[in-house]
Amino acid sequence: MEIEYTFLQSWAAVALACIATLIWRLMGIVFYNKISENGLLIKWVNSIAYSMVSAVMMMILIYPTGVLATTLTEHRVLGLIIGLSVMLIFKNLAAAISISLISFGIIVTYF
Amino acid sequence: MRQLLPIIDKNFYIKGILNAINVPGFALGSTMIGFSVIAKEAGFDIWMVLATTASVWGMPGQVAFASLYAVGSSLVLIFISVTLANMRMMLLVISGANILKINKYNLPFWKQAILLHLMAITSWAQIGYMKDKIDEEKLLNYYIGFSFTIFTFGMLGTFIGFYINNYVSNDLIRVFIFLTPLYILLLIINSKENINKVSVIFGGLISIILYPLLGNWCILFSGILGGSSAILINSLKKRIT
Numbered sequence: 000m001e002i003e004y005t006f007l008q009s010w011a012a013v014a015l016a017c018i019a020t021l022i023w024r025l026m027g028i029v030f031y032n033k034i035s036e037n038g039l040l041i042k043w044v045n046s047i048a049y050s051m052v053s054a055v056m057m058m059i060l061i062y063p064t065g066v067l068a069t070t071l072t073e074h075r076v077l078g079l080i081i082g083l084s085v086m087l088i089f090k091n092l093a094a095a096i097s098i099s100l101i102s103f104g105i106i107v108t109y110f
Numbered sequence: 000m001r002q003l004l005p006i007i008d009k010n011f012y013i014k015g016i017l018n019a020i021n022v023p024g025f026a027l028g029s030t031m032i033g034f035s036v037i038a039k040e041a042g043f044d045i046w047m048v049l050a051t052t053a054s055v056w057g058m059p060g061q062v063a064f065a066s067l068y069a070v071g072s073s074l075v076l077i078f079i080s081v082t083l084a085n086m087r088m089m090l091l092v093i094s095g096a097n098i099l100k101i102n103k104y105n106l107p108f109w110k111q112a113i114l115l116h117l118m119a120i121t122s123w124a125q126i127g128y129m130k131d132k133i134d135e136e137k138l139l140n141y142y143i144g145f146s147f148t149i150f151t152f153g154m155l156g157t158f159i160g161f162y163i164n165n166y167v168s169n170d171l172i173r174v175f176i177f178l179t180p181l182y183i184l185l186l187i188i189n190s191k192e193n194i195n196k197v198s199v200i201f202g203g204l205i206s207i208i209l210y211p212l213l214g215n216w217c218i219l220f221s222g223i224l225g226g227s228s229a230i231l232i233n234s235l236k237k238r239i240t
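Protein chains in written order, with numbering that gives the first Met the number 0: chain A, 0 to 110; chain B, 0 to 240.
Each hint should be verified, as a subset may be incorrect.
[Claimed, not checked] For the chain B half of the interface with chain A, some residues (derived, Cβ under 10 Å), not all of them:
1) 10
2) 84
3) 118
4) 151
5) 165
[As the list claims (entries may be wrong)] Anything over 10 Å on all C-beta distances counts as not near chain B; from chain A, calculated:
6) 17
7) 67
8) 73
To be clear, the hints were calculated from the coordinates, so they are not data collected in a lab. Source: prediction; values computed, not measured. Heads up, the beta-carbon is just placed ideally off N, CA and C, and yes, glycines get one too.
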């Protein structure tokens, strides 16, 4: 059901969004203090975190919303491949980011 | 006077600030500009946008909130959707707190909560990258400097984004928004530990395949499948060698 928000409802929505995030962060602290620092569980959580962050970033690149969605998927993927290649060859993060970003800018503007 | 947060080595605190006033700060600032543009279109005023960035501090949850607000969804639906969109925060906090070895500092719960409120993807990826370059006991100082500076950039980006879209072309904004996923992916794939690299590759590939089937749920499933596969491969490799 669609509703037109009043001033109070708008701020209630902000407060609920805040609580919805805070819950997980606080639960994270509670669980961290209860699990072994070098155990298999923390290694598993860590691996899941790496996979999930990678998934979030790939979602932004492959299935974007907003302004980035006005660019072609091929262009975004090409930008990423250029970045990864520079990183692999020169082992330099700043160079990889600069070259990839400039390439992406040129590709989306002129192609 | 007792310090609010445990700053022991100011050099690493400043190093964190300086590293943040670089690609990460501008990348996150640009991302928040993008969010602010979406939120403004959804009907937020400037105070609501700033309050959302400050209190949620996690892009996927913020975007889910603004998108639902734009279509006039009920408050219950907003709460449930943002809760689900931010589930990954728990894992990031556990993993980030473990990288920082937070429990060594005997901090009260509320101080841990302040520190880890700033644990979002950029800060987490940065400390994961820096943990092999900085002594373990200095990493928390670095994190404090880095994450508070990143937060400042995020707030500035949110503020600027609310007014900027009238003056700056989308062509420029989209290039800057591309910076965030690029930077984070390069940081995490650059991890020294092979198990993390495998997790990154699996998570990224699985999410592309699963998204058409599961929508945003693919992030959680990709994380569990990718991370578990990496752990499994790592243990099999250890048994063989």
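*Mind listing which of the numbered hints don't hold for this structure, in increasing order?*
1, 4, 5, 6, 7
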